[in-house]
Amino acid sequence: MDSLASCPFCHVTLPQSQLQRHANSHFEEADNEQFTEDMELAQELASASSSSTRFSEENMDERVSCLIAMQVRSSFYHVKVEFGGGLMALLRRRLELDTNNASTSAVFLSGYIDHFQSLPSEDVGWGCGWRNIQMLSSHLLSLREDARQILFGGSGFVPDIPYLQRWLEIAWERGFDALGAHQFNHSVYGSKKWIGATECAALFRSFGFRARIVDFGPKELESSFLSVPGAHVGSQVVTASARIKRKAFQVYGPMDRYLVGRNNDFSPPDFDNGVNSTSHLAGGSNQTAASKFSRNNEGHQVLVDWAWNYFSQGRSSRAHAHRCHVTITDRTPLYFQHDGHSRTIVGIEVRHQENGKLQFNLLILDPGHRTAALEKSLKENTGWKKLIKRGVHTLKKPQYQVMPLSNYFLLTPQYYLMRRFDIVSFSAMLY
Numbered sequence: 001m002d003s004l005a006s007c008p009f010c011h012v013t014l015p016q017s018q019l020q021r022h023a024n025s026h027f028e029e030a031d032n033e034q035f036t037e038d039m040e041l042a043q044e045l046a047s048a049s050s051s052s053t054r055f056s057e058e059n060m061d062e063r064v065s066c067l068i069a070m071q072v073r074s075s076f077y078h079v080k081v082e083f084g085g086g087l088m089a090l091l092r093r094r095l096e097l098d099t100n101n102a103s104t105s106a107v108f109l110s111g112y113i114d115h116f117q118s119l120p121s122e123d124v125g126w127g128c129g130w131r132n133i134q135m136l137s138s139h140l141l142s143l144r145e146d147a148r149q150i151l152f153g154g155s156g157f158v159p160d161i162p163y164l165q166r167w168l169e170i171a172w173e174r175g176f177d178a179l180g181a182h183q184f185n186h187s188v189y190g191s192k193k194w195i196g197a198t199e200c201a202a203l204f205r206s207f208g209f210r211a212r213i214v215d216f217g218p219k220e221l222e223s224s225f226l227s228v229p230g231a232h233v234g235s236q237v238v239t240a241s242a243r244i245k246r247k248a249f250q251v252y253g254p255m256d257r258y259l260v261g262r263n264n265d266f267s268p269p270d271f272d273n274g275v276n277s278t279s280h281l282a283g284g285s286n287q288t289a290a291s292k293f294s295r296n297n298e299g300h301q302v303l304v305d306w307a308w309n310y311f312s313q314g315r316s317s318r319a320h321a322h323r324c325h326v327t328i329t330d331r332t333p334l335y336f337q338h339d340g341h342s343r344t345i346v347g348i349e350v351r352h353q354e355n356g357k358l359q360f361n362l363l364i365l366d367p368g369h370r371t372a373a374l375e376k377s378l379k380e381n382t383g384w385k386k387l388i389k390r391g392v393h394t395l396k397k398p399q400y401q402v403m404p405l406s407n408y409f410l411l412t413p414q415y416y417l418m419r420r421f422d423i424v425s426f427s428a429m430l431y
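Numbered according to the UniProt record's numbering, the sequence shown spans residues 1 to 431.
Please note that a few of the clues may not be correct.
In silico DSS-like pairs for lysine-lysine, Cα to Cα no more than 30 Å straight-line [said to hold, decoys possible]:
(1) 357 with 396
(2) 80 with 397
(3) 389 with 379
(4) 80 with 396
(5) 385 with 80
(6) 357 with 80
(7) 389 with 357
(8) 397 with 386
(9) 396 with 386
(10) 385 with 396
(11) 192 with 396
(12) 385 with 397
(13) 386 with 376
(14) 396 with 193
(15) 389 with 376
(16) 397 with 192
(17) 80 with 386
(18) 376 with 396
(19) 397 with 357
(20) 379 with 193
(21) 386 with 357
(22) 357 with 193
(23) 385 with 357
Here are the simulated distance ranges between beta carbons [to be verified]:
(24) 58 with 394: 47 to 53 Å
(25) 124 with 63: 28 to 34 Å
(26) 112 with 186: 32 to 38 Å
(27) 397 with 72: 33 to 39 Å
(28) 397 with 78: 30 to 36 Å
(29) 65 with 186: 16 to 22 Å
(30) 81 with 398: 37 to 43 Å
Keep in mind that the hints were calculated from the coordinates and are not lab data. Just so you know, even glycine gets a beta-carbon here, dropped at the ideal spot from N, CA and C.
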């Protein structure tokens with residue numbers, strides 16, 4: 001007869017011959033329990049990423065819904081015209097009278113847009129970028145039903161600056177312009193931080209608009225172009241510049257860029273069926289101050305040529321200079337950036353001069369101007385040309401940017417590619 005023994009684990013008394021098997025069973029149970037726990041933990045870890053993503057998306061949706069409910073319509077001076085159309089109707093009428101008085105003039109003009117001025121009590125000195133975003137938004141909301149349904153959560157109005165700042169932060173969180181978000185420390189709400197064309201493009205891209213940035217400037221300043229990553233940050237500039245020289249069709253940062261054309265040829269974009277043309281520019285490195293100024297004017301003519309192709313959709317400027325009329329185009333206005341300030345280009349004029357040359361004037365709305373003063377000058381036909389028309393000779397800055405918006409949205413999966421800013425379609429303009 002077996003002697004009795006006590007299990008060291010559960011203290012059960014059982015025959016000695018059965019003790020080892022019984023004791024081992026405790027380890028098997030522990031192994032099974034541990035295996036089960038390990039499997040549960042593995043499943044939790046495997047689903048953690050997707051759960052985190054779902055939580056992030058749910059949190060984002062909640063924040064967006066809150067923003068849509070809380071955002072406030074921006075107040076502005078509304079220009080009222082008897083025959084409708086606001087400020088742009090006044091400008092169109094004045095341009096029509098102006099072209100009738102000149103036998104060789106033609107104009108391409110964007111449709112309705114409200115002018116948003118910087119206010120001394122709110123944003124003078126830093127808010128021009130936000131005001132231009134408001135102008136572009138007013139144009140889209142007025143003329144495009146698809147934009148009304150998507151822009152700013154389908155609110156149907158232009159939000160005040162603090163809420164635009166919130167929308168930009170949301171664009172950053174969604175992955176648009178990661179470099180710019182980092183430079184702003186992912187925060188802009190409630191601040192007086194100056195923004196530029198890159199932030200404007202990121203905001204509109206986050207709503208699905210096809211927004212691009214085009215740089216214009218002298219070749220020797222290419223490393224400090226406003227849309228080049230690492231501008232003014234030492235070695236990164238050299239890296240970006242080196243890539244520009246190596247490969248023509250390449251992305252150099254969060255936005256699309258124009259690159260150098262061989263022999264200084266200008267190939268404007270085939271933007272929504274636009275037609276290309278070529279301008280030959282002056283070159284040379286050892287130049288006098290006078291020749292540099294002349295070259296700068298010729299270089300800025302490239303910008304004006306590009307604007308003509310954009311608004312006219314590639315029509316011949318020389319042929320249209322003899323037609324004497326104002327054409328309302330379906331092109332959106334252009335965000336127009338230079339160092340320290342931004343404005344909105346709403347159209348372009350071409351005049352055929354007596355010497356046979358063509359004179360171009362950009363038609364610009366400046367948030368630094370008072371809307372009431374613009375309205376008065378247009379109604380009374382006094383001083384409006386100085387406020388709105390800008391010829392090549394007035395472009396004094398060494399570099400400029402424009403931001404065109406396409407007339408259609410980008411949908412999935414292009415929308416998600418767009419937020420990485422790695423879509424390449426244009427060649428650049430350096431002169």
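Hint-by-hint comparison with the structure:
| no. | hint | verdict |
| --- | --- | --- |
| 1 | 357 with 396 | 21 Å, holds |
| 2 | 80 with 397 | 35 Å, violated |
| 3 | 389 with 379 | 16 Å, holds |
| 4 | 80 with 396 | 34 Å, violated |
| 5 | 385 with 80 | 20 Å, holds |
| 6 | 357 with 80 | 38 Å, violated |
| 7 | 389 with 357 | 18 Å, holds |
| 8 | 397 with 386 | 18 Å, holds |
| 9 | 396 with 386 | 16 Å, holds |
| 10 | 385 with 396 | 18 Å, holds |
| 11 | 192 with 396 | 26 Å, holds |
| 12 | 385 with 397 | 21 Å, holds |
| 13 | 386 with 376 | 13 Å, holds |
| 14 | 396 with 193 | 25 Å, holds |
| 15 | 389 with 376 | 16 Å, holds |
| 16 | 397 with 192 | 24 Å, holds |
| 17 | 80 with 386 | 22 Å, holds |
| 18 | 376 with 396 | 28 Å, holds |
| 19 | 397 with 357 | 24 Å, holds |
| 20 | 379 with 193 | 36 Å, violated |
| 21 | 386 with 357 | 22 Å, holds |
| 22 | 357 with 193 | 43 Å, violated |
| 23 | 385 with 357 | 21 Å, holds |
| 24 | 58 with 394: 47 to 53 Å | 51 Å, holds |
| 25 | 124 with 63: 28 to 34 Å | 30 Å, holds |
| 26 | 112 with 186: 32 to 38 Å | 35 Å, holds |
| 27 | 397 with 72: 33 to 39 Å | 34 Å, holds |
| 28 | 397 with 78: 30 to 36 Å | 32 Å, holds |
| 29 | 65 with 186: 16 to 22 Å | 21 Å, holds |
| 30 | 81 with 398: 37 to 43 Å | 39 Å, holds |
Of the numbered hints listed earlier, those contradicted by the structure are 2, 4, 6, 20, 22.
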